[in-house]
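> Chains as they are written, first to last, in the numbering used here: chain A, 1 to 425; chain U, 1 to 300.
Treat each hint with caution, since some may be false.
[Said to hold, decoys possible] No more than 25 Å apart at the CA atoms, straight line, and that leaves these computed lysine-lysine pairs for DSS-like:
1) A:K263 <-> U:K207
2) A:K147 <-> U:K120
3) A:K311 <-> A:K301
4) A:K170 <-> U:K120
5) A:K312 <-> A:K301
Quick caveat, the hints were computed from the structure, so don't treat them as lab data.
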Amino acid sequence: MDLLCIGLSHVTAPVETRETVAFAPGEARSVLADLEDVAPEAVLVSTCNRTELYARTAPGSLSTIVDRLDHAKGTRVFAYDALTYRHSGRDAARHLMRVACGLDSMVLGEDQILGQVEEGFELACAAGRVDAVLTRLFGTAIHLGGKMRAETDIGRGSVSVGSVAVGLAKKIFGSLDGKSALVVGAGEMGTLAARHLADAGVASLAVANRTVAKAEALAAAVSGRGLPLCGVPAELPGVDIIVAAIGGGAPLLNRTTIRPALKARGYRPLLVLDISVPRSVAPEVNRLENVFLQDIDALRKVIDGNLARRKKAARTVAEECDAAAERFIEWTRRLAVDPTLRELRDLLGDVAERELARTLRKLPAEHHADVEKLTLSLVNKILHTPTTRLREGAAKGNGVVGPLAALREVFGLEEDHEHPDRDTK
Amino acid sequence: MFSVDRLRGEGFPTRRGAVSIESSTMETCLQSQATFLPMLYLLAATAYGVAFFHEQDVGISRRAATPLLGFALVMHATYLVMIALHTGHAPFTSVWEFLASLGFSIASCYLLLEVLTKTKSTGVIVLPLVTLLMGLSSAFVIHDAEVPEILASPWFAVHAGTMVLGFAAFALAFTFGVLWTLLYRNIKASRFGIVYERLPPLATLFKMQRRALLIGWLSLTASIAVGYVWSSDALPGFQQDPKAIVTMAIWAVYGVGLGIRYLGRRRGTWLTYFSLAGFLLLIGGLLAAVALFPSRHAFS
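Full structure from sequences and hints, please.
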């Protein structure tokens with residue numbers, strides 16, 4: 001059985017292709033069931049940026065799997081080499097490790113993917129489509145993903161404007177509990193900022209826009225209040241965070257508009273994030289006491305710094321992924337010799353038990369324990385060297401098929417179940 | 001701090017250790033405690049340092065820092081009690097005893113604020129200072145020096161003890177004020193380096209500073225009150241003493257700062273400026289008073 005990974009991601013396919021092959025949970029369950037005859041174990045990881053199938057398959061079943069995946073989505077995407085990638089064995093394991101650690105993500109080190117890998121694995125578990133190999137593979141990958149995020153810089157620091165804004169606010173206020181925010185502008189940037197602030201837990205959120213209807217629509221989506229642009233000055237004494245994401249014309253806020261509000265608010269800190277281009281907050285606002293003005297370049301600087309740290313950490317994480325994949329492959333190779341070793345141990349155990357029973361009948365009871373101990377020790381010592389050598393050989397990939405076949409032949413392991421009373425004579 | 005040199009020369013009766021515990025055994029215990037404590041603080045400071053500089057460190061140093069400091073404080077408290085038992089007076093009668101008590105007060109206040117705000121990252125600044133104070137004290141302290149009998153008074157223990165606690169809290173407020181200013185300026189200038197990354201949020205530093213100031217000001221108030229009541233009998237004419245006047249000025253500066261914050265409800269940079277100015281006045285004023293004016297109330 002081979003380990004196989006087939007899939008596509010933002011690296012190989014555009015969004016319009018990725019969205020045609022994204023599997024909803026119900027579809028994923030269905031396709032996993034459909035693959036049961038060609039893949040004893042299978043896990044499907046499907047997100048907006050990637051769709052990947054990890055499977056333990058019989059050699060030569062790749063084309064069948066590709067056909068069934070395409071059939072499930074009514075496309076020919078998986079059959080199209082230029083849009084997909086296929087990995088097997090160690091490469092497949094390494095790919096999953098890298099995916100779980102965020103090395104293969106659109107935003108390096110992002111942590112959503114780890115949860116999505118976990119969801120894919122849990123879905124396959126619930127569908128009864130995983131066994132020892134994929135459990136081990138996904139368990140290792142999920143553990144490694146968490147460990148790398150905790151111990152390296154791979155997931156540290158914000159790398160989007162919205163999360164940097166929230167990070168800055170937390171650096172000033174400590175917590176966003178009880179804080180109120182005002183987002184000026186209901187365009188793309190304003191919407192992203194409003195969503196981040198709402199997710200971060202600000203107590204109240206207001207959205208102001210030239211078109212009040214747009215402000216109200218966005219406000220409704222984030223459980224806030226919508227207001228016209230002319231309502232901004234009246235809001236200033238009560239807000240702690242202002243995100244200006246509205247371009248054009250003269251500055252919306254300047255010293256004259258903010259200074260009276262500062263006095264009214266008892267000089268509590270005020271964070272002003274101006275992410276509009278051209279800027280809509282006059283730079284001299286930053287000179288006011290306890291007012292922190294940051295423009296898009298400042299936020300970009302934070303993002304670049306954090307990305308640089310993540311890139312530096314990526315080298316270490318990649319090495320860890322390689323090592324984890326290598327350990328997994330060694331484990332699977334050892335797994336290949338285990339059934340034979342188990343059968344051999346059972347065989348010798350049976351022989352020892354029968355001979356022991358025969359001998360003990362002739363011996364006084366006080367010697368039974370010693371003889372039992374001796375027999376067990378003999379069996380273990382006889383098995384020790386072949387067990388160790390076969391496992392080591394398998395782990396190193398030294399080709400143990402021949403020795404295993406010889407072992408089975410010499411001890412007649414194939415005949416074990418067919419001739420249960422072989423040793424009774 | 002208090003010095004007994006002047007009092008010794010002015011006819012105050014003196015005394016040695018008042019408790020009849022086996023003296024040489026106690027002396028040995030005190031000496032080993034004095035050697036052990038700076039090392040313990042150094043260990044705690046190292047743990048705080050490792051936790052501060054290694055962002056990924058989620059292991060032993062981060063977990064060990066606070067318990068190590070707690071253990072050092074228990075040992076330190078034992079050491080101060082042993083000094084009091086051995087000498088029969090509170091451990092504030094020499095520069096070196098004063099440093100040991102100041103170190104203890106700073107570390108205790110810091111631990112209290114750390115627990116209240118759940119913030120460890122300022123320990124890297126505070127603990128080396130405590131280690132230095134304790135190291136100096138241990139190197140030079142003499143436990144059986146003669147002291148004037150007046151300093152064995154319980155009033156002296158309360159007066160000097162609250163004063164030391166006040167100074168310790170003001171030193172902490174100054175430290176947090178400097179860190180707050182550093183972070184404030186870094187954010188204003190959009191500098192997002194190690195200061196931005198590792199220091200606690202501005203609001204937390206401000207809260208730590210405010211609480212330290214409050215502890216310091218209340219302690220100083222208590223110390224001044226006890227000092228005035230006690231000195232009317234023990235040290236007549238004390239009110240005109242330059243050191244007492246400087247102390248009152250320090251008390252007033254901090255009081256105005258806290259008044260503006262709490263009564264005027266004014267936030268912002270004001271309190272930090274008062275905190276920084278108050279501490280500079282404390283150091284400069286007391287040093288000037290000691291150097292320039294003769295005093296029977298012998299701070300040095």
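> Could you run down the list of hints and mark each one as holding or not?
Hints, verified against the model:
1. A:K263 <-> U:K207: Between K263 (chain A) and K207 (chain U) the Cα gap is close to 21 Å, so the pair holds against 25 Å.
2. A:K147 <-> U:K120: holds (23 Å)
3. A:K311 <-> A:K301: holds (15 Å)
4. A:K170 <-> U:K120: holds (17 Å)
5. A:K312 <-> A:K301: holds (17 Å)
In terms of the numbered hints stated before, the structure departs from none.
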